[in-house]
Amino acid sequence: MSFRVPRRTIAAFLGPAVAALAIVGIAPLLYAVWKSLHYFNLTKIAQQRFVGLDNYGAVLTDPVFWQAMGRTALLFAIAVPIQIALGLMIALVLHRPGLSLWKTLTRLSLVLPMATTYAVVGLLAQVMLNQKYGVINQMLGWIGIDAINFIGDPTNAFIAVVLWDIWQWTPFVALVLLAGLSTVPPEIEEAAKLETKSSRTILRHVQLPFLIPSLVAVLILRTADTLKLFDMPFTMTRGGPGSATEFIAVLIERVGNRQFDIGMAAAQSIIMLAITIILARLYIRLFYREVR
Amino acid sequence: MAAPIQRRSLWGEALLLLLICLFCVFPFYWMVTTSLKTQVVALESPPVWWFTPTLANYREVLFIDKVGPALINSIIVAVCTTALAVGLGTPAAYALARFEFRGKTDLWFWFITNRFVSPVVLAFPVFLISRELGLRDTHLALILMYLTFTLPIVIWICTDQFRSVPHELDEAALLEGASQWRIFRSICLPLAMPGVAVSSILSFIFSWNELLFAYILAPKAAKTAPAMAVTFMEGYDVPYGKIMATSTLIVVPVLIFALLASRHLVRGLTMGAVK
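Which chain is which? The protein sequence lines are V and Z, in order.
Residue 194 in my numbering is what sits at position 194 of the first sequence, and the numbering runs on without skipping anything.
Residue 223 in my numbering is what sits at position 223 of the second sequence, and the numbering runs on without skipping anything.
Since the hints were made in silico from the structure, they are not lab data.
From the three backbone atoms N, C-alpha and C, an ideal C-beta is built for every residue, glycine too.
Do not rely on the hints blindly, as some may be mistaken.
To be verified - Sample of chain V residues facing chain Z (criterion: CB under 8 Å; computed from the structure):
id : residue
1  : Ile10
2  : Pro16
3  : Phe76
4  : Val80
5  : Pro97
6  : Ala115
7  : Gly141
8  : Gly144
9  : Ile188
10 : Ala191
11 : Phe230
12 : Gln259
Stated by the list, open to error - The calculated label-pair distances, taken between Cβ atoms and stated as ranges, are:
id : chain 1 : residue 1 : chain 2 : residue 2 : range
13 : Z       : Val40     : V       : Ala73     : 38 to 48 Å
14 : Z       : Phe109    : V       : Ile78     : 37 to 47 Å
15 : Z       : Glu171    : V       : Leu282    : 51 to 61 Å
16 : Z       : Trp11     : V       : Pro241    : 37 to 47 Å
17 : Z       : Phe51     : V       : Lys193    : 18 to 28 Å
18 : V       : Ala85     : Z       : Trp11     : 19 to 29 Å
19 : Z       : Trp50     : V       : Ile188    : 50 to 60 Å
20 : Z       : Arg182    : V       : Leu105    : 25 to 35 Å
21 : Z       : Val25     : V       : Thr61     : 46 to 56 Å
22 : Z       : Phe51     : V       : Pro97     : 55 to 65 Å
23 : Z       : Gly103    : V       : Leu203    : 12 to 22 Å
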């Protein structure tokens, strides 16, 4: 139930927030669109000129841009299924009754990785994965694996980013899925437990239908966050070695901030935003339908 | 007969839980212990687990390397943007929860969609604009830009909270002749304080953690702590102890807040996809 109130009152309540978000969210965006239609390099301001859609043409045919997109997609394709598998396992363990003090402690420790400053996560990777001084390589040594040059080798650096993404976001997936598991009505779960002893059957036929919304939410949120991913690879490898860990946001930062080609960076970011918005609209269509 | 099997599975479960905890907490343990090592100890290969701890790294980063001022910048920016987001966001949330009007769904979508916009899209145009306006390297530029994620968080969490405040109270007040603003201020806002607190904590955490805007918009005077930590990596001789001391100083307040709001952190990160 809601009130009918005069338009003026509504405007007074909503106006400031709408105005603020329009100024900080939409105005810069329009400015970015405008700049994306120009040749605009900070080191060659005098050569600034209107070039129409040239930047977009250049980005869409630029192999570097699509390689960065592909790398971002590959990170998503490897890390997210592992996060879901491990997260589901953790959620199922936490969902079982008993050991409640332990489980509270575990749930608290699961909160830590996702809250950690993303930049610090990258720095931690630098320290822990170092070939000579890193503790991870020391541990690998204990089980008889030779030290791996994680940061210096292109393939290994990519694997390191994947591992670190798994560390930071598996707990998040676990807690989202745990919330999903708690939406299963207890009486249905009890009834199923009387029918069968196989927890796999229960998962497949009783719990999974209730988990579908959480799983889709995880997929879409991880998509958005992977497209945004900047801090962790930036502090860990600066996108290197070569361009092995240059994900899409890192690439745009390099073009704009280190090559000073703001027109091109703007075009790249508008194209990335278009991809994000298509996915976000799809997501909101799926999930917020019941919100009035 | 069933008892020993059950006991063993309970032990297995406890072990599994312990492994999960270790998986989550170990990097923090390593961060803190490394921050207490001298550079000589930090560069031992293989790494040492037992050593004489020293606070020298903290002393050095706080008082010589300007991490102290950077932390203060971080606090100023995070507190101001949170206050601003609460000030602007709670009336909007109240309107979304209580009033009926055209275009409400679209407005709601727009607020929520901000969760998906990458800061890298806004950073360069804002960089140019702030240069024109003389706002480059000021707290104000960061405070305003952080509204792009703090305001949606406050609106989302508080709308939910206002919906749960019973209508009978405001109906009674309306009959008494109270204005909507009065009802919001004196009745609903006090009752929605838990939501305000949670959304404040979340927007503090997200502002505190932000790197990209800070890195591009605030290179010197307004430099925040995460951007400061990044600059340590730029030399040849990487000072591990100092980097980890800075990291610890950055992460500890966030972790405390995260533990305080642990039940709501996931809700904040999903923007309502999961209740």
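Structure-based check of each hint:
no. : hint                             : verdict
1   : Ile10                            : 5 Å, holds
2   : Pro16                            : 5 Å, holds
3   : Phe76                            : 14 Å, violated
4   : Val80                            : 15 Å, violated
5   : Pro97                            : 11 Å, violated
6   : Ala115                           : 3 Å, holds
7   : Gly141                           : 7 Å, holds
8   : Gly144                           : 14 Å, violated
9   : Ile188                           : 19 Å, violated
10  : Ala191                           : 21 Å, violated
11  : Phe230                           : 5 Å, holds
12  : Gln259                           : 12 Å, violated
13  : Val40/Z to Ala73/V: 38 to 48 Å   : 44 Å, holds
14  : Phe109/Z to Ile78/V: 37 to 47 Å  : 31 Å, violated
15  : Glu171/Z to Leu282/V: 51 to 61 Å : 39 Å, violated
16  : Trp11/Z to Pro241/V: 37 to 47 Å  : 45 Å, holds
17  : Phe51/Z to Lys193/V: 18 to 28 Å  : 51 Å, violated
18  : Ala85/V to Trp11/Z: 19 to 29 Å   : 24 Å, holds
19  : Trp50/Z to Ile188/V: 50 to 60 Å  : 53 Å, holds
20  : Arg182/Z to Leu105/V: 25 to 35 Å : 46 Å, violated
21  : Val25/Z to Thr61/V: 46 to 56 Å   : 47 Å, holds
22  : Phe51/Z to Pro97/V: 55 to 65 Å   : 43 Å, violated
23  : Gly103/Z to Leu203/V: 12 to 22 Å : 43 Å, violated
Consistency note: the structure conflicts with the earlier hints numbered 3, 4, 5, 8, 9, 10, 12, 14, 15, 17, 20, 22, 23.
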